[in-house]
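Novice: Those protein sequence lines, which keep their order, are chains A and B. Numbered by the working numbering, the letters in the first sequence go through residues 1 to 370 in order. Numbered by the working numbering, the letters in the second sequence go through residues 1 to 204 in order.
Just so you know, the hints here were simulated from the structure itself, not pulled from any lab data. One or more hints might be untrue.
Computed Cβ-Cβ distance ranges for the label pairs, DEER-style [unchecked claim]:
no.	chain 1	residue 1	chain 2	residue 2	range
1	B	S29	A	P330	30 to 40 Å
2	A	T69	B	S29	36 to 46 Å
3	A	T69	B	T24	30 to 40 Å
4	B	E6	A	L21	30 to 40 Å
5	A	P330	B	V91	52 to 62 Å
6	B	G15	A	A313	16 to 26 Å
7	A	V300	B	F31	52 to 62 Å
8	B	F31	A	I68	32 to 42 Å
9	B	R32	A	I109	49 to 59 Å
10	B	T24	A	I158	17 to 27 Å
11	A	I158	B	R127	49 to 59 Å
12	A	I68	B	P21	41 to 51 Å
With the C-beta cut set under 8 Å, the calculated list includes, among others, these residues of chain B facing chain A [said to hold, decoys possible]:
no.	residue
13	L11
14	T14
15	Q17
16	G20
17	R22
18	T24
19	K26
20	G40
21	M96
Small disclaimer: the values here were computed from a predicted structure and weren't measured. Every residue gets a Cβ at the ideal spot worked out from N, C-alpha and C, and that includes glycine.
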Amino acid sequence: MDWVGILLVVGRVLATFVLLLVVTILNVWMERKIVADMQSRVGPSRTGPWGILQTVADGLKLFFKEQITPKKAEVGMYLLAPFMAVIPAFLLFTVVPWGKPITIGDRIIPFQGADLNIGVLFILAMSSLAVYAVVMAGWSSGSKYPLIGGVRATAQAISYEAAMGLSIVAVVMYSSTATGSAGTLSLAEIVSRQAGTMADVLPSLPIWLVGWIPRWNLIPQFVAFGIFLIAAIAETNRAPFDLVEAEQEIVGGFHTEYSGMRFAMFFLAEYVNIFSMSAIAATLFLGGWNGPTFDSFLPVWISAILPTVWLLAKTYVIIFFFFWIRATMPRLRYDQLMTLGWKRLIPAALGWLALSTLVIGIRQFGLPWA
Amino acid sequence: MGILNEIIKGLRVTGRQMFGPRVTVKYPSEFRQKPQRFHGRHVLNRYPDGMEKCIGCELCAGACPARCIYVRGADNPPDDPVSPGERFGFVYEINMLRCIFCALCVEACPTEAITMTHLFEMSTTNRADAIYTKDELLMDPAGVVPHMFPGDPYADEDELAVADGWVRATAPGGIAAYEGVQAWQGTPGRGDWRPEPNQDESDA
Chain A
1 MDWVGILLVV
11 GRVLATFVLL
21 LVVTILNVWM
31 ERKIVADMQS
41 RVGPSRTGPW
51 GILQTVADGL
61 KLFFKEQITP
71 KKAEVGMYLL
81 APFMAVIPAF
91 LLFTVVPWGK
101 PITIGDRIIP
111 FQGADLNIGV
121 LFILAMSSLA
131 VYAVVMAGWS
141 SGSKYPLIGG
151 VRATAQAISY
161 EAAMGLSIVA
171 VVMYSSTATG
181 SAGTLSLAEI
191 VSRQAGTMAD
201 VLPSLPIWLV
211 GWIPRWNLIP
221 QFVAFGIFLI
231 AAIAETNRAP
241 FDLVEAEQEI
251 VGGFHTEYSG
261 MRFAMFFLAE
271 YVNIFSMSAI
281 AATLFLGGWN
291 GPTFDSFLPV
301 WISAILPTVW
311 LLAKTYVIIF
321 FFFWIRATMP
331 RLRYDQLMTL
341 GWKRLIPAAL
351 GWLALSTLVI
361 GIRQFGLPWA
Chain B
1 MGILNEIIKG
11 LRVTGRQMFG
21 PRVTVKYPSE
31 FRQKPQRFHG
41 RHVLNRYPDG
51 MEKCIGCELC
61 AGACPARCIY
71 VRGADNPPDD
81 PVSPGERFGF
91 VYEINMLRCI
101 FCALCVEACP
111 TEAITMTHLF
121 EMSTTNRADA
131 IYTKDELLMD
141 PAGVVPHMFP
151 GDPYADEDEL
161 AVADGWVRAT
171 APGGIAAYEG
181 VQAWQGTPGR
191 GDWRPEPNQD
201 ESDA
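Can you build the whole structure from these sequences, using the hints too?
Specialist: Written out as C-alpha cells, the structure is:
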C-alpha cells in the first residue's frame, strides 16, 4: 500500500470518528429537545441557538469535575470499564457503509471504516462486548447498586442478543439468496443488494405497482425489523429497557460510582451505540445509503454526499423512534423484560426464521413434490 | 396484539403533545401573570404629596407572627414633618429571611403605610443583605420602589391599579397645596395610576 492509500485509510477512520462525535453531540441535544417537546416543556434553550451547544457545555463541565474512586473499588477494572464501553461503541460503527464509494482516478474510496467480509458477525461481537463494560463497571465499583445494575445487564444482554442475532440471520439469508448470488455477511454488499426497486424482485407484477417501492429488506423482512428494533433498544439499554441504570430503583445503576470524564465516557458510549444501532438498522433493513440519485443535473460533489444524507435521514428516523419510545413507555419490570425476551421475541424470531427459510427454499428450489 | 394497540395509543399521546402548547415560561426573559393579591416583598408607601404614610406605631411589628419587623418611631420635627401624624417611622427594618409573607402587617397597619408588591426577586449572597432597611423599603417620591434589579418589568400596571385601589381614597393629603385635592400617586411598579372617573388626565 502506497502512502496515499495509507493516508486515505487514516482519513476514513478519522472521518468516521469525527462523524460519531458530532452526531453524538447533536443526538444528546436532540433527545432532550424532543422529550421536552413531548412533555410540554422547552428543553435546553440557553446555550447557543436553540440550546444546541448544551452538550458541549455539559461535556466541558464534566472535563473539569473531580474523578472519584471509591475505597472498595477494584481499581484496575474500575478504570478500564469506561474504555471498554467506548471502544466497542466506536468499533461497532466502523463496518457501516455511510456513503457510496467514490472513484477518483483509479482509486475507489469507500465511505466506511472497514469493509469486513464478516461485517454482520462483527456487529454481533461488538454489541456483545459492550455489555462487558457494564458488568465490569458494576462489579468493580464495590457498591451494591452498581452490582445490581451489572447483574441485570448480563441477563438482559443474553436474552436480547439471541433475538437480535436470529432476526439478523433472517435478513442475511434473504439478502444472500434474493439475487441468486453467493451469500455474504459484508454490510457494503448487503447495502448494494438493496439498490433498485421491488420490480427487480417481483418481475411478474406490473411496473406501476412495484416500480416505485424501494427494494429494501424491510418489506419482505418486516417482522425481523420489528424484532431487531426492540432488541436494539434493549441492547443499548434505552428506556423502556433501561433496567441497567434505572434511576428510580438503583440510583444510577452501573455508573453510580463514576464521575467526571469516566462517567462522560459511559454516556458517550451509550449515545454512540444508539446511533450505531440505528445506522445498522437502516443499513440492514432500509437500504443503507441507497436513495434517489440526481446525477444528471446535480454537481458531482452533491451527488457524492447525497448517499450519506440518505443514510443519515434513515438513521435519524429510527433514532427519533428511539426517543419517542423513551418519552412514551414506562420501564418494564424485571420479569416482564425476561418474559418479553425469552417467551415472545426469541420464539417469534425463530418462527420468522423458519418461515423465511421455507419461502426462500421454495423460491430457490421449487416445491419438494413438484 | 392488545399491547401493540396500547403502545400505539401511548405514542399518539406523546406525538400529539409535541405540537401542543408549552407550559414553561422562560422566566428571566418572560414573566408569568401574577395573581392580583400576590404577596411579594413589602413597600413603605408615601402620600401623593410625598409625605410618608408610616407613623411609627409598631402595630405591624406586634402583628408579625415571625417577629421579623423592627420599628422605632420618633417625634416629627415640627418645621419639617416626615409624616402627617405626630410621629414617624424612624427605623424600619424587615428581615426577609424570617418573613413568611402572611401580610398580617398589612392588615394591622392603620394608615396603609406598608403594603405588599409583586416583587419576588429577593435572593442575596449575604445574610445581612436580606435585612431590608428603611432605605430599601420606602418608595421614592415618584412612587418607585427601590429594587435590587432596576428596570425589571416585574409587575403589571393594571393589576397593581386594582390591587390596592382603595388606598388612595384614604389619603388625607399632608401639605397645604394638596388641601381638598384628590390626587393619585405613582404605583409601586411602572408608571402612574390611571385617573379616577371624575378626574382629568392632566391632573396626573
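Novice: Hint by hint, note whether the structure agrees.
Specialist: Results of checking the hints against the structure:
In this structure the hint that S29 of chain B and P330 of chain A lie 30 to 40 Å apart at CB holds, the actual value being about 34 Å. A hinted range of 36 to 46 Å for the beta carbons of T69 of chain A and S29 of chain B is consistent with their spacing of about 42 Å. The beta-carbon spacing between T69 of chain A and T24 of chain B, approximately 38 Å, falls within the hinted interval of 30 to 40 Å. Take E6 of chain B and L21 of chain A: their Cβ atoms lie about 38 Å apart, and the range 30 to 40 Å holds.
Checking the proposed 52 to 62 Å range against P330 of chain A and V91 of chain B shows it holds: the Cβ atoms sit about 59 Å from each other. Separation of G15 of chain B from A313 of chain A is about 19 Å and conforms to the stated range, judged on CB atoms against 16 to 26 Å. A hinted range of 52 to 62 Å holds for the C-beta pair V300 of chain A and F31 of chain B, which are about 54 Å apart. Between F31 of chain B and I68 of chain A, the C-beta spacing of about 41 Å keeps the proposed range 32 to 42 Å intact.
Checked against the given bound of 49 to 59 Å, the beta carbons of R32 of chain B and I109 of chain A, roughly 57 Å apart, stay inside it. A beta carbon spacing of about 42 Å between T24 of chain B and I158 of chain A contradicts the range 17 to 27 Å that was offered as a hint. Take I158 of chain A and R127 of chain B: their Cβ atoms lie about 57 Å apart, and the range 49 to 59 Å holds. At roughly 42 Å, the beta-carbon separation of I68 of chain A and P21 of chain B lies within the given 41 to 51 Å, and the hint holds.
With 8 Å as the threshold, the beta carbon of L11 of chain B comes within range of chain A, its nearest partner Cβ sitting at about 5 Å, so the hint holds. Restraint check, T14 of chain B versus chain A: the minimum CB separation of about 4 Å is within 8 Å; hint holds. Contact between Q17 of chain B and chain A, as hinted, is supported at the beta carbon level, the nearest pair being about 5 Å apart and thus within 8 Å. At a threshold of 8 Å, the smallest CB-CB gap from G20 of chain B to chain A is about 6 Å, leaving the interface hint in force.
Of the supplied interface hints, the one on R22 of chain B holds, with its beta-carbon coming within about 6 Å of a beta-carbon of chain A, less than 8 Å. Given the 8 Å rule on beta carbons, the hint for T24 of chain B holds: about 4 Å separates it from the nearest Cβ of chain A. With a least beta-carbon distance of about 7 Å to chain A, the hint placing K26 of chain B at the interface is held under the 8 Å criterion. Because the closest C-beta pair between G40 of chain B and chain A is about 25 Å apart, greater than 8 Å, the hint is violated.
Hint status for M96 of chain B: violated, given a least beta-carbon distance of 28 Å to chain A, over 8 Å.
Hints 10, 20, 21 from the list above are not met by this structure, while the remaining hints are.
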